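Trainee: What follows is the residue order along each chain.
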Amino acid sequence: MSTRLQKGGRLIDRSTRAEFTFNGKRMSGHAGDTLASALLANDQMLVGRSFKYHRPRGIVAAGPEEPNALVNLGRGERLEPNQRATTTELFAGLMASSQNHWPSLEFDVGVANNYVSRFLPAGFYYKTFIHPRAAWKHVFEPIIRQSAGLGSAPKDPDADRYEYVYAFCDLLIIGGGIAGLNAALAAGQSGKRVMLIEQTAHWGGRAVVDGDEVEGESAEDWVKSAVDALKTMKNVTMRNRCMGAGVYDHGYVLANERVADHTPMDGRPKQRVWRIRAGHIITATGAIERPLSFAGNDIPGVMLAASVRDYVVNFAVSPGDRTVVVTNNDDAYLTAIALVGAGVSVPAILDARTNVTGDLPARARAMGIRIEAGRGIASVKGGKRVTGVQVCLQAGEGAVLEEIACDAVAMSGGWSPVVHLWSHCGGKLNWSETLSAFVPDASRPPLNHDGAAMVTAVGAAAGIYRAADIITGEAGTQAPVPPVWVMPQGAPIALRSKMWLDYQNDVKVSDVQLAAREGYESVEHTKRYTTLGMATDQGKLSNINGLAVLSSALGAEIPQVGTTTFRPPYTPVTIGALAGEARGEIFQPLRRTPMHAWHEENHAYMEPVGLWRRPYCYPRSGETHAQAVHREVKNTRENLGLLDASTLGKIIVKGPDAGRFMDMLYTNMMSTLPIGKCRYGLMCNEQGFLSDDGVVARIDEDTWLCHTTSGGADRIHAWMEDWLQCEWWDWKVYTANVTEQYAQIAVVGPNARKLLEKIGGMDVSAETLPFMQWADGNLGGFAVRVYRISFSGELSYEIAIPASHGAAFWALLHAEGAEFGAMPYGTECLHVLRAEKGFIMIGDETDGTVTPLDLGLSWAVSKKKADFLGKRGMERTFLADPDRWQLVGLETLDGSVLPDGCYAVAQGTNENGQKNTEGRVTSTYYSPTLNKGIAMGLVKHGPARMGQVVEMNKVDGSTVKARIVDPVFFDKAGEKPNV
Amino acid sequence: MSNPVSALNGQSYDGFAKITEIGPMGMITLRCDLAEKPVAAALKKLGLSVPAPRRIAKAGARSVGWMSPDELLLILPYAEVAATLETLNKALAKLHFLAADVSDARAVFRIEGDKANQVLAKLCPVDLAMLEPNELRRTRAAQVAAAFWAEDGGYTLVSFRSVAGYVMGLLTVSSAKGAEI
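Chains as they are written, first to last, in the numbering used here: chain P, 1 to 979; chain R, 980 to 1160.
Okay, chain P solo, but in the shape it has when bound (with noise of 0.2 Å):
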């Protein structure tokens, strides 16, 4: 049984304790516990199960390369699934749960895949579900959804919070074990803005554990005094519990701090992720120890030797009473050292070398441990837990010479430097035959915008393993570590089918070499074939033992068939980390007029345009949304509408050469338009497809003000600023944007100028302030600039006034125009009085394909101006196809509401076996002016077909008959607005 030991465990403090509850058992643990090692010394090796065959798993590792202790913590809003038992750090409190099992952990019915396994290999999913089609659907894929998954998704909202920080550097270190601390106490002391991070809560990595000797200390010593030094150096910052997750180009690094994930509920931000521009970035991310594959590698009980080492010395917790190890290196050596040294048994290192020679099997022997040269495990014995490994030789096919009592194994292949954050912009690797492992070519790093290297590896993630070499960056001769990629080296099928590759994804040694067989040569595709290093832990112990067997079955050299993409993250970053500070009320920004709050006082139903809200309608108590517009529209029409108009868009043109500009810009004529006066203009992207409309003010004799849509202003500005700044950049012409300068408010309806009269302060009679031209004045004591224009068909004023009194004059109005029925309307009404009208609405009759001429705009489309934006893109032969549909208005027979969106059918049916078509609605909506439904909509042929019928189709399949007329419907000759 793994146990907590007497004494030692050099991270743990056994004067406080941390319950906690796994499955809902109480146990019981230490404060520096991860919780992997509380679980351990509970004495919980089995941890979940398997993805695919459902068998036991337990934990194998210590940190972030744990591929099977993932549980899920929390419950409700702090649910959080897939965690790592190595990697959580206990506190009092934490309950996790095992994944991934049913109807319990003990046993689990899932299982029964085991038994049939055989049946079951690699692309079993893709052999087997293919035929019949609809099967896939409705019956597989649910069936397979719901015996695999790992964690339950979170269903509450998350009640913790992150945020991201901007940090800059010259040099980012990332890793704080001897490595990177060497690295940052030299740059630190050259004085450059050096930042060190560290995803542990601990500095000093593996030398501290393995107890090496540093620059004559012990290592424990020297990681102390480097980070007391460190720390008195103000041009150096370090955060541990801080993942460097992934390196991008031009020196940006993203990096994940798990600020308060074991103190939950403190006030503090869950996580932060930090947003790094280093000048240069040192990768000290360590190695990570690989698996021995042999049959039943994946009982629990079985774990990397190093990470055995790491619960006895960190924190005085030991896997087993009796613990085999079996290894191919000298490194595994130590393990068992140190579980003597603790006071437990080890009856056998197995050495996969027949020669075993050095300094740490010396002191093995020394101490009475028994080891055997040119052996391997043959199989593990055990179903939840090991029970005792078969000796063979590795030489051999598997023949048992022994069987051992035990009740764990640590083993150990070999380490793989990790490589990751080097690669992730294009740094390139060597496969060392020393070292049995890829190891970064320092010749051919990633690079920067300069073409100098912008990451350098250091320590054992450059393949240095010794400390002292790790100090002086130099490789001294390394102790050869002979490749064994499968245990023992002829084992047959019967084992092989039990050598795990994958522990989360349950790939085998056998699946891999079936897939070679199948064809399968590139490792990429491979991968996805088997599922092979695709899990959560994105194969941080099956990828080199993967390739290295397909390399194999391929006959192929290890570097010939290369390593997979490795893509950042490092380890999996929470969704709510990478969102930072976007959720809820500042998910996005929301733009505000300066009558929002008067809007939603007044019980508006809001509506997004852009990132602006405004209100779609005005509900009184129990009204649906279609009577309160119904309302608004009548009132209009009939008395007088108010409408909140400070969205549109309001930009100034201003400049000798303004007039020239505006006339490219539109695709009528603006410089000849007279001061005082506003006309309606369009503008076409080059392609002559109509972007924009609005009135255009001539202000002055160099200076024009043009409204945009609501949606197009900053696009628009942006359009404008392009042009100048980039193809005319010697016209004399500037341009603000001064919309959010402006409240605008639109007075509409019979009743308009009664109200303006009665408040007062300028003159705006017919006379003074005919249709379509504007004023500045004053109307109640506040400074406006009035326009007379309409986009309702009635009489109308729009009023601009600076946004800081829009609220104040919004008020009035509606104070003093109770008496002449104000009531304010929304954009639904706005669009009901434009389509009464026959007015288009951007977004709407257009989609980014129509032109003017196809909504019958030519009146405004210059032809004597010698060129504007989009002339001759309009000129071209498809645009100018008189096939082309066009703008006609649509009326139902029986007086319905067209769907929107639909269609006009056409006769007979196209390649594809769809209807013909020959048109299509772009606006429909109920008058309540008129009583039935009208629409606009584009035809074939359209405005020469006037009293024609044509099938519409509806969503149910049927057609409703709707007859071509003019898109005027309400007061065609235009006298309402003109009064």
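Honestly, the hints are just simulated from the structure, not real lab data.
Just so it is clear, the structure is predicted and the values come from calculations on it, not from any experiment.
The beta-carbon is built from N, C-alpha and C at its ideal position, and this holds for glycine as well.
Be a bit skeptical, because a hint or two may be false.
Partial selection, computed: residues in chain P whose CB lies under 8 Å from chain R [said to hold, decoys possible]:
#1 165
#2 168
#3 267
#4 585
#5 740
#6 802
Below, simulated DSS-like cross-link-like pairs (lysine-lysine); rule was C-alpha separation at most 25 Å, straight line [what the hints assert, rightly or not]:
#7 P:754 to P:677
#8 R:1094 to P:192
#9 P:961 to P:972
#10 P:871 to P:732
#11 P:863 to P:677
#12 R:1073 to P:732
#13 P:634 to P:976
#14 P:677 to P:972
#15 P:954 to P:940
#16 R:997 to R:1037
#17 P:634 to P:972
#18 R:1094 to P:234
#19 R:1069 to P:732
#20 P:732 to R:1016
#21 P:976 to P:754
#22 P:940 to P:871
#23 P:137 to P:127
#24 P:231 to R:1094
The hints should help you fit chain R onto chain P, whose structure is shown.
Mentor: For chain R alone, coordinates are given in the frame of chain P:
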């Protein structure tokens, strides 16, 4: 005319830094050739001079900030805007220029306290340690355009008026007690 009302009417928040919406504040956008003599002369009348690129210069209650190679931002008491626009229009009459009142298009915030820089570091991709004295930094605050400068032991940040509520939300969340970096 009513009293001008700023976007958030002076809302404030006490976190590990103090956030206050201030204003209304007078602002004039001036676009012109910054090297023209009448520009310097006009600014001189206001007690100001043409700022160096990315700098803001202050004199009494007025400042002038460099926004781009052909754009300045005049900051002054709200009540002085109309008269100052008139002064500029006269002084620059012979030039090609554009001067516009943008006082009401903006929202202005103060961020104060020992750790005010941390609030900005969470929202703006700016190397605050390298922010120079009197540097006017145009940047973004999370998802919207912003500009700020250090002044009187804190920072003054300007955003567009319509997103004032969003910016206040950002500053509030980022300065919440316990969220010190």
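Trainee: Is residue 137 (chain P) close enough to residue 127 (chain P), meaning Cα to Cα at most 25 Å?
Mentor: At roughly 16 Å apart (the allowed maximum being 25 Å), residue 127 (chain P) and residue 137 (chain P) satisfy the hint.
Trainee: When you check the alpha-carbon spacing of residue 634 (chain P) and residue 976 (chain P), does it fall within 25 Å?
Mentor: holds (15 Å)
Trainee: Sort out whether residue 972 (chain P) lies within 25 Å of residue 677 (chain P), counting only the CA atoms.
Mentor: holds (23 Å)
Trainee: Min Cβ distance, residue 740 (chain P) to chain R: is it shorter than 8 Å?
Mentor: Nearest chain R Cβ about 4 Å off; hint holds.
Trainee: Minimum Cβ distance from residue 585 (chain P) to chain R below 8 Å?
Mentor: OK, holds: residue 585 (chain P) within 8 Å of chain R, min 5 Å.
Trainee: Take a quick look at whether residue 1069 (chain R) and residue 732 (chain P) sit within 25 Å of each other, Cα to Cα.
Mentor: holds (19 Å)
Trainee: Are the Cα positions of residue 997 (chain R) and residue 1037 (chain R) separated by 25 Å at most?
Mentor: Measuring from Cα to Cα gives roughly 23 Å; hence the hint holds.
Trainee: Are residue 231 (chain P) and residue 1094 (chain R) close enough, with their CA atoms no more than 25 Å apart?
Mentor: Given that 25 Å is the threshold and the Cα spacing comes to 20 Å, the pair holds.
Trainee: Take a quick look at whether residue 961 (chain P) and residue 972 (chain P) sit within 25 Å of each other, Cα to Cα.
Mentor: holds (24 Å)
Trainee: Does the CB of residue 802 (chain P) sit less than 8 Å away from some CB of chain R?
Mentor: With a closest approach of 4 Å, the residue 802 (chain P) hint holds.
Trainee: Just to be careful, I want the Cα atoms of residue 754 (chain P) and residue 677 (chain P) compared with a cutoff of 25 Å; is the pair within it?
Mentor: Holds, at roughly 23 Å.
Trainee: A closest beta-carbon separation below 8 Å is what the hint needs, so does residue 168 (chain P) meet it against chain R?
Mentor: OK, holds: residue 168 (chain P) within 8 Å of chain R, min 4 Å.
Hint compliance for this structure: every hint is met.
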